[in-house]
Amino acid sequence: MSATISLKIEFGGGLELLFSNQRSHHVTVPAFVPASSGTAKATALPAGDEDGAPKRPVDLAYLIFWLRDNLLKEREELFIENGTVRPGILVLVNDADWELEGEGEYQLKDGDEIVFISTLHGG
Amino acid sequence: MSCGNPVADANALMQRRKKYDKTNSCVKCKVTQGNLVIRHAVYCKDCFLHLVVHKFRRALEPTVNPKPDGPRRTALKPAGNLLVGFSGGLGSSVLLDLVHRCYVALDKSTMPSDGGRDHPRHERVWKKVTICYVEVCDAFPGMRDRTEEITQHVKRYDDLEFVPLRIQDAFDRSWWEKIGGKSFPSEIGASLADEALFLQSLPSTSADPLTSLRAYLSSLPTPTAVTASIQTLTRLLLLHTALQTGSSHLVLGTSLTSLAVSLISGVAQGAGFNIREETQEEWTPEPETLMGLDHAPDASEGSKTGKKGKRTVRVVRPLRDVGMKECAAWAWWSGVPVVGKEKWVWAGAKPGIATLTKDFIVGLEKDYPSTVSTIVRTCSKLAPKGEVSGKCILCGRPAQRGVQEWKARISIRDRPPAPGSTEDATAKTADAEPLQPSLTPYLCYSCHTTLTSKSARPLPSPWPASAQAPLVSLPVWTEARLSSAIRDVDGAEHVHAEIMQTRQVGQDEMKGIVDEFLLDDQE
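As given, the protein sequences belong to chains A and B, one line each in that order.
Using our numbering, the first residue of the first sequence is number 1, and each one after it goes up by one.
Using our numbering, the first residue of the second sequence is number 1001, and each one after it goes up by one.
A few of these clues could be false.
[Stated by the list, open to error] Computed cross-link-like contacts, BS3-like style, restricted to lysine-lysine with a CA-CA straight-line distance of at most 27 angstroms:
1) B/Lys1028 x B/Lys1067
2) A/Lys55 x A/Lys8
3) B/Lys1108 x A/Lys55
4) B/Lys1055 x A/Lys8
5) B/Lys1155 x B/Lys1343
6) A/Lys73 x B/Lys1108
7) A/Lys109 x B/Lys1108
8) B/Lys1045 x B/Lys1127
9) A/Lys73 x B/Lys1343
10) A/Lys109 x B/Lys1343
11) B/Lys1019 x A/Lys109
Derived by calculation from the structure, the hints in this document are not laboratory data.
Predicted model only: the values in this text are computed from it and were never measured.
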């Protein structure tokens, strides 16, 4: 099993301005990420993993922080607020509303296409 | 489920509440898996796209005919052309796309599946469709001019005319005369620094429109007032453009979310009397402000004037049942690019009521989506009490009778000077300014509040260099009405003839006037 997951990320509605003015991005994220305390069950660690910390499969919540830390160029408060996307941002996972997939808890799969659309257009 | 320690016991945490009801299959076709959640209901992509078109038509079509349909649905025959107010924002972009698909390109996928009277084989509903865009960048320092981008964007839609305006046209006499406004010989300026809003003639060599606009905005007391004024100016520019293009209908891209914002922020600024106008209104220009309406350039094109020379523009918001999220999904799935708008900010400005309301409502929509539609539904049940007394000279909406009397009763005013110096004070006030005309009696409650409601602290204006001009020009439609009012004072009796004048009354004089009404409670 691969240690990373490839994703296609798209930004719309003006959000692309925060991400180097580029609408389409291809990113690679780790398949397993540190579990934050208390909110997720620890999974069985793959053999050979020296790090004893509990891990969870990478999810949308993690991706949002990952994007902020690795792709976001400016004005972080226009993308992320209170640990999730700012109100007014629509998130589609493979063309479906993320609310249908459990929002931040949706576990990412290789080849997923995630779209972030701002409805506020700066206004 | 126990309320135990989540780390030790995985079942201790309460299940997160689902954001949709029942299953994740589409509630309409029940077959396909859902793509979108709207207010707890799940829709698949196809059903959702049809639903948006259906809601758009359902909100617009009953307003097309001059009189509402009787028991039988009649064909759509509007009294004039259609003007689409376009701001570059999400709602406008979706609106323009829908108008074009349904009424110009006649996209079959948007037609009702049966034949019927609205079938494209019949002639088009709207003879002429015009898009009007008002560029506001000159009102804010450093704001980008988007006119060119918007011009390119609207080229996607063939068969539509495009009229770009600038916000300073509201102070431009040549624009006013071009659209058929009655010219006024000289301008009347208002002193916005003084809450009495005194009027005075301006020298005939008045400033250019841009300078007038900036002086006007700089004289406003609060950031809320700046936002409200720009919105009012834009709306009146669109209404007059509708007249010029022979349009009987003006459609705006206000979504359900934006409507909730404007309803709440309107009430917060004192515009409750016009709460119904915020959703839909019929506007008629004041006859004395326009050259015989037959002179308006496109008046003859496809417009029928009901009574002699009387033209009405109906303002409709067809997306008022379509939330912001739905607009975004529609735009994304239908390939509609959105040019976007910028925030209206300037150095040192705190957010005004409109901005704060929008932040609140957008946050509310995320966590409790049904509340936003409840706000709109509840507001639609409201009807204000009170009589209408003419139309506000600034915003063109019905003004409530008795505004100033009410304000005087609820306000704490400056006290006249102490009894010891009364005599001097009386003499001074008597000799002071001769009775001066004021803008106040012509204004509705919210426009008066917008112009006079000051903050305790002085606030930075967008154009500090223009700040505190003693007298500022008013928008051209206001000037036209004022100048007509003054003209008529000398002439025959006219309902607008009276220009009320106010002056401050000294304590002794006031006592003299009310003396006979005072109860004798002292020996």
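Evaluated hints:
1. A threshold of 27 angstroms between alpha carbons decides the hint, and for B/Lys1028 with B/Lys1067 the separation of about 33 angstroms lies outside it, so the pair is violated.
2. Restraint check for A/Lys55 and A/Lys8: the C-alpha separation of about 23 angstroms stays at or below 27 angstroms, so the hint holds.
3. With a CA separation close to 52 angstroms, the supplied pair B/Lys1108 and A/Lys55 exceeds the 27 angstroms bound.
4. Under the criterion of a C-alpha separation no larger than 27 angstroms, the hint pairing B/Lys1055 with A/Lys8 is inconsistent with the structure, at around 33 angstroms.
5. For a cut-off of 27 angstroms, the pair hint linking B/Lys1155 to B/Lys1343 stands: about 25 angstroms separates their Cα positions.
6. Proximity of A/Lys73 to B/Lys1108 is assessed by CA-CA distance (about 43 angstroms); at most 27 angstroms being required, the pair is judged violated.
7. Distance restraint check for A/Lys109 and B/Lys1108: the Cα-Cα separation of roughly 38 angstroms exceeds the 27 angstroms cut-off, and the hinted pair is therefore not satisfied.
8. Between B/Lys1045 and B/Lys1127 the alpha-carbon distance is near 32 angstroms, which puts this suggested pair outside the 27 angstroms criterion.
9. With a C-alpha separation of about 20 angstroms, the suggested pairing of A/Lys73 with B/Lys1343 holds against the 27 angstroms cut-off.
10. Under the criterion of a C-alpha separation no larger than 27 angstroms, the hint pairing A/Lys109 with B/Lys1343 is inconsistent with the structure, at around 37 angstroms.
11. As the CA atoms of B/Lys1019 and A/Lys109 are separated by approximately 22 angstroms, the hinted pair is consistent with the 27 angstroms bound.
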